[in-house]
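> Sequence:
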Amino acid sequence: MLVVTAGLPAAGKSTIAEVVSNRLGLPVLSVDPIEVAILSAGIGADQPTGLAAYLVAETMAEGVLASGRGVVIDAVNAVEPAREQWVRLAARQSATLRFIEVMCSDPELHRDRLAARSGRHAAGPAFAVEQSLAEWEPWGGESAAAPRITLDTVQPLGVNVEQALAFLGA
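All the letters of the sequence shown, read from the start, carry residue numbers 1427 to 1596 under my numbering.
FYI, nobody ran anything at the bench for these hints, they're computed from the structure. There may be inaccurate statements among the hints.
[Claimed, not checked] Between beta-carbon pairs, the in silico distance windows are:
1) SER1531 - GLY1470: 32 to 42 Å
2) ALA1471 - GLY1595: 22 to 32 Å
3) GLU1561 - THR1485: 18 to 28 Å
4) GLY1470 - ALA1592: 36 to 46 Å
5) GLU1588 - TRP1565: 17 to 27 Å
6) PRO1573 - SER1531: 39 to 49 Å
7) SER1466 - PRO1564: 27 to 37 Å
8) VAL1585 - GLN1473: 35 to 45 Å
9) SER1520 - PRO1453: 17 to 27 Å
10) THR1576 - GLY1468: 37 to 47 Å
Where a beta carbon is used, it is the ideal one built from N, C-alpha and C, also for glycine.
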């Protein structure tokens, strides 16, 4: 199974991805630390480091899926081409694909989460959310055909995890 998260930075994707992956015994591949590593290697921020990070995560996920194991992808997936990347990967590997869209309906809580993660990301949290909001595309194309659940992280973590696990059939 290929489980892919989607949502704005600081919405709670990584937390849900980690707990769900632990419960299912699956590895998590997170795009953010991959991009930070690319930037730390001296690749300029003016380069398509986000795209590179998605491609690295895809390559790693393909290896995991080819070995017969499932994997959880932790990424913003703001645009349709990013989501379709995972649809194509699942098709190539004959893997079941499930999207978990994560959102935070409370703007104040979202701002607090952004402030708490300040410094962990190269571009800065507020910039990352503004960029993601500007780029966010509605679900459509191939990814619209893949099963998706939307979780609101205003709800307790345990509620969201149980909903995600039920959605995944676990």
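> Compare the structure with each hint and give your call.
Evaluation of the provided hints:
| no. | hint | in the structure |
| --- | --- | --- |
| 1 | SER1531 - GLY1470: 32 to 42 Å | holds, 36 Å |
| 2 | ALA1471 - GLY1595: 22 to 32 Å | violated, 40 Å |
| 3 | GLU1561 - THR1485: 18 to 28 Å | holds, 23 Å |
| 4 | GLY1470 - ALA1592: 36 to 46 Å | holds, 44 Å |
| 5 | GLU1588 - TRP1565: 17 to 27 Å | holds, 23 Å |
| 6 | PRO1573 - SER1531: 39 to 49 Å | violated, 22 Å |
| 7 | SER1466 - PRO1564: 27 to 37 Å | holds, 34 Å |
| 8 | VAL1585 - GLN1473: 35 to 45 Å | holds, 40 Å |
| 9 | SER1520 - PRO1453: 17 to 27 Å | holds, 19 Å |
| 10 | THR1576 - GLY1468: 37 to 47 Å | holds, 38 Å |
Hint check: violations occur at hints 2, 6; the rest are consistent with the structure.
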